[in-house]
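Since the structure of chain U is already known, use the hints to place chain S on it.
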Amino acid sequence: MTADSHPVPALIEVNGLSASYGHVAALKPIDLHVEEGEFVTVLGPNGAGKTTLLRAMSRLIASNGKVTFKGQDISTLPTHHLAKLGIIMVQEGRGLFGEMTVRENLLLGAYGLGSSSDEVERRFAQVFKLFPNLRARAGQVAASMSGGEQQMLAVGRALMAGPKLLMLDEPSLGLAPKVAAGILNTLGELNRNGLGILLVEQKAPLALKLARRVYVLSSGSVRAELPAHDIKSHHDLARFYFH
Amino acid sequence: MTSNRTMTSRASIFTRLGDYGYFAIGGAIFIALLFAFVFIQGGYLLTVMQLAMIYGLFCVGLNFFMGYTGQASFGQNAFAAIGGYGTAILCVEYGFEPVVALVASMAIAGVISVIVGYPTLRLRGHYLAMATFALGLITYDLSVQWTSLTQGYMGYSGIPPLGIGPFTVEDERWKLVCLMVILLFGLWVSGRLRNSRFGRALRAISTSEQGAAALGIRISQYKLAAFVIAALYASAAGSLFAHVVGFISPEVFGLQMVVVTFTMLYVGGIGTVLGPAIGAVIASLLPQILRSSGRFQDIAYASILLLLLIYVPKGLSALSGIGRSRPVRSSTSDADQARPLVSDGRVGSDCDMPAPQARTGS
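Order-wise, the sequence lines are chains U and S. So the first sequence is numbered by the working numbering: it starts at 1 and just counts up by one. So the second sequence is numbered by the working numbering: it starts at 1 and just counts up by one.
These aren't lab readings, by the way, just hints derived from the structure by calculation. Among the hints, erroneous ones may be present.
[Stated by the list, open to error] Negatives, chain S to chain U, calculated, CB over 12 Å:
# : residue
1 : Phe96
2 : Asp171
3 : Ile282
[Unchecked claim] Computed footprint of chain S on chain U, listed as stretches where at least three residues anywhere in the stretch have a Cβ under 8 Å from a Cβ of chain S:
# : stretch
4 : 71–81
5 : 102–111
All residues carry an ideal CB built from backbone N, CA and C; glycine is no exception.
For reference, chain U alone in the conformation it holds in the complex (with noise of 0.2 Å):
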């Protein structure tokens, strides 16, 4: 699907978006898009290239291609514009600053705000309400958290710099299966309040209940874009990844 094809430019488009590790492909030519306030979801096995996916969107490595949000070119700008743009990552592994306090890391997130106090106090009571933890910790250096807190927080703080398309990586990783629930049922939360998510996961289920569409990515290249419904089991998502 190319940006022509839609009346209204889509939040997100990649078209033609490669990336490789010397000479390795990482990511062959590929096309993707996610529409304003839509739940999608990049499924794939280890070493799929979903990571570089999101990397090479974010410009935090080289790529080809051509990247637009919301009809404007964004192929060239680098990583800190997109930011002021609303494309805020979760990165694998969280990505939290661990030797700064919870407060700390927040107020990293709202970075972009400057010194607008009010609005950064707005931000820091929507992100205590959704994950009240958070609130409790403030003080508390961030790399003395659990787990799953590390997670809230480091969703938190994406959620600080107020985005427009949020782009996680795996967020469920290393996590018990009910904190990874709990995560993914608040990104559900966020998608139903309208904002546009993108998902990278290998936790399937969970991934599929709130995903709308899903890219199912192996070796670099996508091997179907479908409906997140029409993938019932571990056998069709199996059919894709060794197609």
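Relative to the frame of chain U, chain S by itself:
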């Protein structure tokens, strides 16, 4: 009732003291007594402490670039030289007031740091270290070879003491007081900036440049700002040295300065607010304390430094956390504790490194 209130108040005082850590309180008392002793004793120790204050100021600046921002610079002595020679030339040749000359030298150092830093800071890691090292070497060579300006190895003498108008600070004890006040001001600025939006951005860059950029932080701009701040501090330290000692030569701002200030920074605690000042005092006093060991002085000094680096790798200021009441690690979820910490301070990556202690910033 009154008794209860008094007990509560006492408990609250001890709780507050506990927040700072008894080691920190002990350290503060020790430093206060040390200064009182040096102040009363006078003599050579006064000079040692004066130099410790000057080096401390230099290290506080270097800490912005190396500690808060996590970059490497082996060439900050270049800006101390600019400060030292700038203030000497402006005062001796052009009759500037010492304070005006100090500020003017800082401005010159600031402009040069922008010009030099803009292309240099595109480099990273060892390459940046080598580039800044070259900057120090170039400045040293200039101070030796450009004799018409710097008087070469002969050095620059007759530099007036610090002062404003008719008020000059010539008494050695008052010089120490002035330097202490300036260092405390430098520390206050450092502490304020560290905990500001600017400081948080610097510390984010130190942990992960990509992570910081993803939050909208302009990496190159912040690195340059930290480099310039470090240059301003270094220049002020160089100028103060010139005014306090009254003489400068190329050797003062040579390679020795780089080695000494690195030692101070790491011994005190890189990335912390007070660490650079603590390191400057300890690393300056240690050789004097070890003087009695005669020809084994250097061996004893190096051994103590080695032991400090091995057993207190985060620096002496990290000891302030001993006895401090810390928040208990969360145990809300058990299975999800598996994600380890990474050595660079980011959390939850796949690396099986042991968990580093939290940097307290005290």
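Numbers of the earlier hints that this structure fails to satisfy, in rising order = Of the numbered hints given earlier, the structure breaks none, since each of them holds.
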